[in-house]
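Protein chains: 2
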Amino acid sequence: MSENSKFNAAILIIGNEILSGRTQDTNTSTLATWLNSLGVKVLEVRVIPDVEETIMSSVNLLRKKYTYVFTSGGIGPTHDDITSESVSKAFELPYERHEEGYKILEAYYKPGEFNDGRQKMIWMPKGAKLILNPTSGAPGFYVENVFVLPGVPSILKSMLGGIKDKIVGGNPIISQTISLRTFESHIADSLTAVQNKYKNVEIGSYPFFQAGKLGVSIVMRSENLDLINKCSSDVMRFVKEKKIEIVNR
Amino acid sequence: MSENSKFNAAILIIGNEILSGRTQDTNTSTLATWLNSLGVKVLEVRVIPDVEETIMSSVNLLRKKYTYVFTSGGIGPTHDDITSESVSKAFELPYERHEEGYKILEAYYKPGEFNDGRQKMIWMPKGAKLILNPTSGAPGFYVENVFVLPGVPSILKSMLGGIKDKIVGGNPIISQTISLRTFESHIADSLTAVQNKYKNVEIGSYPFFQAGKLGVSIVMRSENLDLINKCSSDVMRFVKEKKIEIVNR
Numbered sequence: 369m370s371e372n373s374k375f376n377a378a379i380l381i382i383g384n385e386i387l388s389g390r391t392q393d394t395n396t397s398t399l400a401t402w403l404n405s406l407g408v409k410v411l412e413v414r415v416i417p418d419v420e421e422t423i424m425s426s427v428n429l430l431r432k433k434y435t436y437v438f439t440s441g442g443i444g445p446t447h448d449d450i451t452s453e454s455v456s457k458a459f460e461l462p463y464e465r466h467e468e469g470y471k472i473l474e475a476y477y478k479p480g481e482f483n484d485g486r487q488k489m490i491w492m493p494k495g496a497k498l499i500l501n502p503t504s505g506a507p508g509f510y511v512e513n514v515f516v517l518p519g520v521p522s523i524l525k526s527m528l529g530g531i532k533d534k535i536v537g538g539n540p541i542i543s544q545t546i547s548l549r550t551f552e553s554h555i556a557d558s559l560t561a562v563q564n565k566y567k568n569v570e571i572g573s574y575p576f577f578q579a580g581k582l583g584v585s586i587v588m589r590s591e592n593l594d595l596i597n598k599c600s601s602d603v604m605r606f607v608k609e610k611k612i613e614i615v616n617r
Numbered sequence: 369m370s371e372n373s374k375f376n377a378a379i380l381i382i383g384n385e386i387l388s389g390r391t392q393d394t395n396t397s398t399l400a401t402w403l404n405s406l407g408v409k410v411l412e413v414r415v416i417p418d419v420e421e422t423i424m425s426s427v428n429l430l431r432k433k434y435t436y437v438f439t440s441g442g443i444g445p446t447h448d449d450i451t452s453e454s455v456s457k458a459f460e461l462p463y464e465r466h467e468e469g470y471k472i473l474e475a476y477y478k479p480g481e482f483n484d485g486r487q488k489m490i491w492m493p494k495g496a497k498l499i500l501n502p503t504s505g506a507p508g509f510y511v512e513n514v515f516v517l518p519g520v521p522s523i524l525k526s527m528l529g530g531i532k533d534k535i536v537g538g539n540p541i542i543s544q545t546i547s548l549r550t551f552e553s554h555i556a557d558s559l560t561a562v563q564n565k566y567k568n569v570e571i572g573s574y575p576f577f578q579a580g581k582l583g584v585s586i587v588m589r590s591e592n593l594d595l596i597n598k599c600s601s602d603v604m605r606f607v608k609e610k611k612i613e614i615v616n617r
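Going down the list, the sequences are from chains A and B.
Count along the first sequence from 1, add 368, and you get the number used in the working numbering.
Count along the second sequence from 1, add 368, and you get the number used in the working numbering.
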């Protein structure tokens, strides 16, 4: 739809804890917001279990389909952390100790604390490049266009700064929201007309409940601020005509 | 892995608002928790944009691969709500007005308020069965094993009761959590040994931060409470041996 679709990404959330409903995924939102600011559009998210075959096939499918793939989860020291080995197999690369990573963790831990479990965390596909971890030491890595990150949200967040310059994107994707005290059905036709006029602005309509009252947020997204402003003016025109209360703009 | 994998499901979240990072998906967690209680395991989640071709191909792939498919989002009255029509096309069924649904909404709205936008919400695949909506009137529907639900979390939640008897599952999946004040690497080997002993219990290890302190939650899942209890005893054995503080059990 927009120019930015040229630079796109998929997110692959790896972990039974998300599929079981126990843990709410927040990394999608973190990664998508960050990628939008770099002019990269997320076109697909998949959540899959800690199963080698599933990780391998998903990585191989997504890395061919999208500019970038970001995985989250499964790179810790326990038995259910199989992402790094599965990514190695997906790329048909040897799974081996990363010497630079080894040195980083050796320096990070107190003498005697760099045990087997921790050493597992620097086993990676041969030739992988490190993604440094300012929070808890153990690095992530990337191979070609696949970026392998941890599942813990605060750690993942802290590692994004280190790969910013590896991501080539378009113009940042700008978003503008107008929240109205109305029903979707009341504005559906007018909104369709605006969308038809501005094909390069992605217009979304999202009902919300706030303090017990219904409303609708209209979200306009594009890399072109000028277009968004024009689109927004057209929305405001029918809002005034229909005498709709503006909740937020 | 477990018996319950026989009864499985995929969740298909449809909506640009999730992919843009603007909205945090919570429906996955709601649906997964509910399905687990019915003995159905969620094996995959996909988040896709409001694009007809993507919705069609995803629905067709997932409905053949899994026992059940639950979609969320895109069934409102606005231009970006294209789920119902796309599902019709996926099944190669005519997209038409659902007469029973029409009567429900006709009675739901005040005279004169059942406008075109609202009438769009009862266009569905021919022969679709309704999923009643106790919150806001407009029903969802299902065709074969594909259940089409709205994106607004509170509305989706309120509709699950109405389809409970349509879901055939195994025994409820039980989950037990032991939270410890430790590091994953400190317990990795012991946990691997326990997992190897109890192949039919899915054991996950999840680091957490709480009040500035690190910890690890060990989550054991199975449909067999007896197995979980045995597994849990084995975990408690190494916890005592290693003198690890228990945060929560």
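Simulated from the structure, these hints should not be mistaken for lab results.
Mixed in with the good hints there might be a few duds.
In this list, chains with the same sequence are indistinguishable; a pair is considered to hold if it fits within one copy or across any two.
Unchecked claim - Heads up, simulated DSSO-like pairs for lysine-lysine below, C-alpha to C-alpha not over 27 Å straight-line:
1. K478 with K611
2. K497 with K565
3. K457 with K433
4. K494 with K471
5. K608 with K532
Here is what the structure says about each hint:
1. With identical chains, the CA atoms of K478 and K611 are at most 27 Å apart between copies only, with a shortest distance of 20 Å across copies and 67 Å within one.
2. In this homomeric assembly, K497 and K565 never come within 27 Å of each other (Cα to Cα): the closest approach is 45 Å inside a single copy and 36 Å across copies.
3. Within a single copy, K457 and K433 get their C-alpha atoms as close as 18 Å, and across copies as close as 24 Å, so both meet the 27 Å cut-off.
4. In this homomeric assembly, K494 and K471 come within 27 Å of each other (Cα to Cα) only inside a single copy, at 16 Å, whereas the closest approach across copies is 63 Å.
5. Taking CA atoms no more than 27 Å apart as the test, K608 paired with K532 passes in neither setting, with 42 Å inside one copy and 44 Å between copies.
In the structure shown, a violation is registered for the earlier hints numbered 2, 5, in ascending order.
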